[in-house]
Each structure stands twice: as C-alpha cells, then as structure tokens.
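Student: Given next are the chains, with one letter for each unit.
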Amino acid sequence: MISDLLSVTVLIGILASGIRLATPYLYAAIGETFGQKSGVLNLGVEGQMLLGSFAAFYVTFKTGNLWLGLLTAMLVGALMGLAMAYVTVNLHAQQGISGIGFYLFGLGMSELLFQSLMGSVETIQGFPKVHIPFLSDIPGIGEIFFSQNALVYGAYLLVPLAWFVLNKTTLGLKIRAVGENPDAADSLGVSVARVRYFTIILGGTLSGIAGASLSIALLNVFQQGMTSGQGFIAVALVYFGAWRPVGVLGGALLFSLVNSLQLWIQVLGIPIPSDIAVMMPYVLTILVLVATVSRVRAPSALSKPFERED
Amino acid sequence: MRTRLSTLFDALLPVLATLAALAVGAVMLLIMGVNPIEAYAAMWDGAFGSGNAFAETLVKATPLLLVALGICISFRGDVINIGGEGQMIIGAVLATWIGLTLTNWPGWLVITLSLLTGFVGGAIWGGIPGLLKAYFNVNEILSTVMMNAIAVQLMNFLLRGPMIDPSQAERASKIPQTARLIEEFHLARLVPTRLHAGALIAVALAVLVYILLWRTTWGYRIRAVGQNPHASRYAGIKVSRYMVLALLLSGAFAGLAGAVQVFGVNYRMITDGSASGFTGGAGFNGIVAALFGQLHPIWSIPASILFGALLVGANKMQRMTQVPSALVTVLNGLVVIFVVSSEIWRRRRQRRRMAVAGPEETPPPPVEKKPQQAEAGA
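So the sequences go chain by chain: A and B.
For the first sequence, position 229 (counting from the first letter as 1) is numbered 229 according to my numbering, and the numbering increases by one without interruption.
For the second sequence, position 182 (counting from the first letter as 1) is numbered 182 according to my numbering, and the numbering increases by one without interruption.
Just so you know, these hints were derived from the structure itself, not from any lab.
There is no bait here: all hints are sound.
Calculated from the model, a selection of chain B residues having no Cβ within reach of chain A, i.e. all distances over 10 Å: (1) Leu8; (2) Asn104; (3) Trp105; (4) Leu113; (5) Leu116; (6) Val203; (7) Arg215; (8) Gln227.
Here are the simulated distance ranges between beta carbons: (9) B:Met320 x A:Asp183: 51 to 61 Å; (10) A:Gly225 x B:Leu200: 27 to 37 Å; (11) A:Lys168 x B:Ile37: 54 to 64 Å; (12) B:Thr7 x A:Val290: 43 to 53 Å; (13) A:Thr169 x B:Trp44: 51 to 61 Å; (14) A:Asn65 x B:Met320: 35 to 45 Å; (15) A:Ile132 x B:Tyr135: 42 to 52 Å; (16) B:Ala11 x A:Val283: 41 to 51 Å; (17) B:Arg348 x A:Val290: 33 to 43 Å; (18) B:Leu30 x A:Thr63: 22 to 32 Å; (19) B:Tyr234 x A:Leu117: 55 to 65 Å; (20) B:Ile175 x A:Thr63: 36 to 46 Å; (21) B:Ala231 x A:Asn220: 46 to 56 Å.
Note that the Cβ used here is the ideal one computed from N, Cα and C, for glycine as well.
Turn these sequences into a full structure, and let the hints steer you where they fit.
Tutor: Encoded structure:
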C-alpha cells in the first residue's frame with residue numbers, strides 16, 4: 001500500500017491538492033505579513049476568515065454571482081480590519097488580546113448569521129477550474145500548476161506582488177519603517193497611524209478572501225467553524241516565513257503539502273490512524289518554528305502600540 | 001477622595017464594557033426582529049431564575065474560573081497562553097485514564113490522584129510552549145495554538161482506539177467515548193443539583209493563586225518579569241525560568257479544569273472531533289473571564305459566574321426566542337474588545353494621578369521609573 005503513494009497519478013494528486021490547499025493560508029498570511037511588518041499583530045485572522053467565508057457563501061448562494069460573493073467577503077474583512085485598526089491604533093489596546101476578541105466575534109457572528117439566515121448546510125458551484133492554454137497540457141505539471149481555479153492563481157500572484165510592494169516601493173519602505181522604528185518614522189513625517197490603518201485593513205481584506213477561498217472555491221460549502229484554526233496557522237506561517245512573502249510561500253506550501261499527503265494517506269487506506277496523520281502538519285510547524293525562529297528577528301515594534309511623545 | 005472615586009471607576013470599567021456589549025447585542029436582536037428585553041429576560045431567567053438554574057450557572061462557571069486562574073498567572077507574567085483548550089483536554093485524558101485504571105483503589109485517593117494528574121498533564125502541555133519560548137524564542141501564542149490542535153487529535157485517537165469504551169468497541173457504532181467512571185469516583189454533589197465539589201476547589205484555588213501572586217517570591221518574580229523583563233534581568237531574576245513557570249502553572253490550572261469537568265460533570269470523555277465538543281470553549285472563555293476580572297484571581301470568581309450565566313442563559317434564550325446561542329460568543333468577543341480598549345482611560349488617569357501624587361503609587365517591582373518620573377517632573 002505504501003507503494004501506492006509513489007505512483008505517478010497519486011503523486012500528481014498530492015501535489016495538485018497541496019498547491020490548492022495553500023490558497024487560504026497564502027491570502028491570510030500575506031495579509032498578516034503586511035500588518036506585522038508595520039508592527040501590528042492581528043490575532044483575529046481566524047474570525048475575519050470565518051465571517052468572510054460565510055459572507056461569500058451566503059451572497060453567492062443567494063445571487064449566484066461568485067464575484068459579488070468574493071467582493072462581500074473582502075468588504076466584511078476590511079470592515080473588521082477597520083475596527084481592529086481603531087482599537088489597536090487609536091485606543092492602544094493590547095493586540096494579542098483584542099485579536100482574541102475579534103476571533104470570538106467572528107466565530108460567534110458567522111454561526112449566528114448562518115443559523116438565522118440559512119439553518120442548513122447547502123452546496124454551491126464554486127469558482128471553476130481555469131485551464132491555462134498550452135501550459136495545462138503539459139503532462140503532470142499542467143495538472144498540478146495550471147488547472148486550478150482563479151482564486152488559487154490569485155494567491156500565488158500575490159506573493160511576488162507583496163514582495164515588490166514591501167521591498168521596492170515607498171509605501172513598503174514606510175511600512176517597514178513604521179514597524180521597525182515608529183518614532184523615527186514619525187519624526188520624518190510618516191503618519192504611523194495612517195500606515196497601520198492601511199496594513200490592518202489590507203490584512204482584513206485578504207483574510208476575507210482567504211475565508212471566501214474556502215467556501216466558494218475549494219470546498220464550496222459553509223459550515224460552522226469551517227476554518228478550523230487555519231487563521232491561527234496563517235499567523236504562525238508569518239513567523240515561520242521570517243516576515244518575507246517568499247518565506248511565507250514556503251511555509252504555506254510545506255504545511256499544505258504535508259496536509260495533502262495526510263489526506264491521501266487516508267484515502268488510500270494506509271494503516272496510520274487518521275488522527276495521528278492530521279496531527280503531523282502541526283507537529284511539523286512547531287519543529288520548523290524551533291529550527292528557524294531563533295535565527296530571525298521580528299519587526300522591532302511588533303505588537304507595541306505607538307504613542308506620540310508630545 | 002478623588003483617588004478613591006477613580007479607583008471605583010477603574011473597577012467599573014469592565015461592567016461598563018459589558019453593558020456596551022449588551023447594548024450592541026440589543027441592536028443585533030432588534031435587527032433580527034426580536035425584542036431585546038424579552039431575550040435578555042429569558043437569559044436572566046435561564047441563568048438565575050431558580051435554584052437549579054443558578055446551580056447550572058455555577059457548574060458552567062467552574063471550568064471558566066479554573067482556566068481564568070491560570071490566565072491570571074500567565075498574563076501577569078506577560079506570556080499569552082491561548083492553549084487552554086488543549087491543556088484542558090490533556091489534563092482530562094490523563095485524569096480519566098487514572099480513574100479507569102485504578103478501579104480497586106479507594107474513591108478519595110483516586111479522585112485526588114486524578115485531579116493531581118490532570119494538573120500535571122496541563123502543566124506539561126503548557127510547559128512545552130514555555131520551554132520553546134524561553135530557549136528557542138518560539139512565540140507562545142503560536143505554539144499554544146498548535147498544541148491545541150495536537151491535543152484534539154491525540155484525544156480523538158485515544159478515544160477511538162486505546163481508550164474506547166470496551167462495550168462501544170464491540171458495537172458497530174463505535175461511539176468515540178471512554179467507559180464511565182464508577183460511582184465512587186464521582187466528585188461529591190453539593191446540593192441536590194448538578195453542582196459539584198469542583199466549584200469549591202476552584203474558589204479555594206482562587207485564594208491560593210492570590211496568595212501565590214502577591215505573597216510569595218515566585219509570584220512577585222512572575223509579575224516583575226511581566227512588567228519589565230529587562231529590569232528584572234538586571235535585578236538578577238532568571239527571566240526565562242519565570243516565563244516557563246508562568247506558562248506551566250497556567251496550563252496546570254487548565255488541565256485541572258479538564259479533569260474536574262470529567263469527574264464532576266460528564267463522568268467520561270466523549271469527542272465530536274473538535275476541541276469545543278469537550279471543553280465547551282472554556283479554554284477561550286476563561287481568558288475572557290480573567291480579563292474581565294482584571295487578571296485578579298478573586299475578581300475572576302464573579303467574572304466567571306457572569307460568563308457562566310451568559311452561557312447557561314443563552315440556551316434558555318434560544319429555546320424561548322429562537323435566537324441562536326452563538327449570540328453569546330459574539331457578546332464575549334465584544335466584551336474582550338471593549339475591556340482591552342477601555343484600558344486606555346485607566347492608563348491615562350493613572351498617569352495623571354502619578355503626576356499629582358508622585359511615583360509612590362507605582363506597582364511593586366524594582367523597575368526604573370524613567371518615563372513616569374520624567375512626566376511627573378514636567
């Protein structure tokens with residue numbers, strides 16, 4: 001049975017679903033990277049994802065318009081980001097704890113809305129696969145990389161885009177300055193508050209897309225608590241990736257490939273208890289955090305509220 | 001007089017935050033077409049309406065209080081433990097195992113041993129992230145979240161395999177649950193309701209945690225490290241050791257909460273595959289209760305009762321008005337957000353007070369008071 005794992009079709013299946021499963025992590029973790037680069041730890045990602053996930057599903061279910069669903073999820077995520085920004089930037093609330101508040105809010109709110117607006121689990125037609133001409137015909141590679149849906153492609157395009165914005169633009173410079181030394185940035189005329197508002201709202205928007213990618217692109221259902229901790233893992237992936245988009249990509253791929261492997265192990269009936277298999281990605285994440293984190297340094301002002309000294 | 005008034009105001013901040021959350025909840029109820037007064041009345045009635053209802057509230061409050069006590073320790077030490085769910089599970093699993101293994105032993109001994117085992121189990125599950133933080137610089141928020149996920153799968157594995165109820169193992173249904181603890185091992189009921197001795201244990205421990213934090217060297221050092229790690233290191237405190245200790249103790253109380261839940265309420269473990277299926281979300285809601293109690297063990301007692309009441313009341317509200325009980329999760333989230341947001345007023349007033357009264361009122365640790373003094377002079 002172990003040899004089943006090594007057959008070409010299975011390997012292609014594992015890789016293709018690994019690539020696909022990384023989608024929500026990429027959106028959420030890239031969004032979180034922007035926030036943390038500017039010195040804000042947003043622990044409410046899970047809540048933003050859940051609410052985004054429900055919003056996208058409900059709107060799509062009612063209107064049949066996937067893009068409208070996606071847009072609603074972005075809006076919901078952005079609004080939660082706005083609230084988070086007000087609480088952390090203006091009210092200087094402790095970020096880790098307020099994040100837990102936003103998590104509970106999103107968790108409860110998505111369940112409340114689901115029960116009062118829908119009540120039962122429904123399914124929809126999610127984003128269809130888009131076969132990229134020619135490239136998708138390459139054997140193996142085509143199926144793995146070029147026969148995915150639009151949100152999957154978007155997630156991977158986001159990585160170089162985020163790298164470019166963070167490292168090659170004035171905006172990115174401001175974000176990094178605000179995260180490393182807000183006092184200095186402030187004295188040079190950069191508005192710490194405005195930059196952080198921007199990154200937190202951007203993070204919320206991307207978390208909304210992350211949630212939507214689950215409910216209208218990957219699984220095409222909404223269930224209560226369906227993100228099952230993925231938002232928290234996305235936060236971990238930012239540390240894991242040492243606050244670099246490429247590192248985040250590596251972490252997300254590693255995590256989702258191990259996850260995909262574990263799913264296929266179950267499908268093929270290989271005698272490893274499924275609970276133990278499900279556990280593996282988490283154990284692996286801790287081990288990799290141990291191996292990597294001590295060598296890189298977090299943004300200096302991470303999770304510290306900025307108070308202007310008058 | 002002025003200071004007393006503003007101390008009173010500080011103490012009232014969480015109450016104001018709750019009222020604000022309830023007000024937002026009322027708006028949501030209105031939007032849903034439900035009369036908020038009716039819904040909240042049903043909630044009150046469900047939580048306090050009868051002796052039985054109040055007993056249920058206390059039963060729900062017990063694990064919240066135990067988790068909250070641990071949170072008081074860890075947050076005071078500036079380590080954020082959100083692994084309460086996993087720590088509860090590990091504590092419960094180990095305690096259940098003792099209870100199912102030592103069936104020939106006297107009841108009091110097994111109960112004591114099991115609760116202690118739960119305590120130790122939680123301590124291990126909290127201690128691992130502590131060690132990872134202290135010696136490998138791994139953020140404890142992340143490691144505790146991962147440890148939650150691992151604990152859930154461990155529980156599912158054990159309840160489906162090695163620890164499954166032998167009678168279930170023979171049946172086709174194979175419900176993932178352990179055998180039931182024998183009668184002698186159940187925690188004593190206090191009154192003819194479901195209220196059990198665990199509630200008393202929790203209250204007694206609240207006093208102990210108060211003593212630990214404010215009357216012992218350990219507690220003093222944990223708080224000093226939490227307030228200013230640099231100054232503490234300068235003062236010769238081994239900072240990493242006290243971080244580990246804070247997380248370890250924090251986990252221990254959550255583990256005990258899990259054990260108490262099994263021996264006082266369920267008498268067996270059963271899983272629906274998720275963490276909250278066993279914990280009822282107490283690992284998270286305990287954080288809410290602790291924050292509400294201003295991270296003070298004694299104030300955490302009424303805070304836990306309040307959130308226990310919300311949970312029990314929500315069920316009644318759902319029956320009476322068809323409003324999903326998830327509303328309470330929303331309210332809990334809002335309370336957390338409002339409480340941490342309102343901290344700013346307290347800090348501002350404290351600073352103003354210091355500017356008037358000089359730095360005597362600053363908290364105990366021997367830290368440099370540079371910023372405050374600068375302001376007092378200004």
